[in-house]
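*Asks:* Following this note's numbering, the numbering of the sequence shown begins with 1 at its first residue and continues without gaps.
Certain hints may be false.
As the list claims (entries may be wrong) - Pair ranges (Cβ atoms, derived):
1) Ala138 with Ala53: 33 to 43 Å
2) Thr8 with Ala43: 41 to 51 Å
3) Arg11 with Arg55: 44 to 54 Å
4) Gln62 with Val37: 18 to 28 Å
The set of hints was computed from the structure by calculation and includes no laboratory data. Backbone N, C-alpha and C define an ideal beta-carbon position, used for all residues, glycine too.
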Amino acid sequence: MLRIWRETASRYALMPLRIFLGVTFVYASLDKLTGSVFLTDSAPGSLVGTLHAVRDSAAIPQMVDLALKAPHAFGYAIAFGELAVGIGILIGLFGRLAALGGAVISLSLWLTVSWATDPYYYGNDLVYLMAWLPLILAGTPLLSADGLIASRRRSGVAPLPPSDQAADHRRHRGAGQTARR
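All chains should be built: construct the whole structure from the sequences, respecting the hints.
*Replies:* So this is what it looks like as structure tokens:
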């Protein structure tokens, strides 16, 4: 019994991380897209204000300069990138690619916005970057579109949901009984 529990726990160990990161990135995206401040030019907490504030302390100030050339386009790119990553990791569609996208977003935020955080472990972008790594390595094989696609490829046909399997079994059993009568 304990062995079965351990095997099940091992198979599903990344699900809490996957759910947390997916929900967080979807929420962050929607917050940016629906908020009244993020895409403004000068309000406190706006992207432009944040970029100006972190420019001199960023590890790669050229990244900040590039974003400042078209801050609204950059803001939309970040927001829609977070949305794509969040949805991709939640439904498990192209899970490794979604995780890689999340890692790239987290890395770029760490190298710019949270680089000056001292001590470094107070900054959350580095933690997000590290959280994406297991999903890049393992992908999203369970409870996912990727898993469904992989099982279809292995079997050569689309697997039936459990309710359809039972109905299919009854149809075949019934067909065999009527043929014998």
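*Asks:* Looking only at beta-carbon atoms, does the pair Ala138, Ala53 fall within the given range of 33 to 43 Å?
*Replies:* With a Cβ separation near 37 Å, Ala138 and Ala53 satisfy 33 to 43 Å, so the hint holds.
*Asks:* Range first: 18 to 28 Å. Now tell me if the beta carbons of Gln62 and Val37 are that far apart.
*Replies:* holds, 26 Å
*Asks:* For Thr8 and Ala43, compare the CB-CB distance with the range 41 to 51 Å and indicate the outcome.
*Replies:* Distance hint for Thr8, Ala43 holds at roughly 49 Å.
*Asks:* When you take the CB atoms of Arg11 and Arg55, is the distance between them in 44 to 54 Å?
*Replies:* holds, 45 Å
In the structure shown, no violation is registered for any of the earlier numbered hints.
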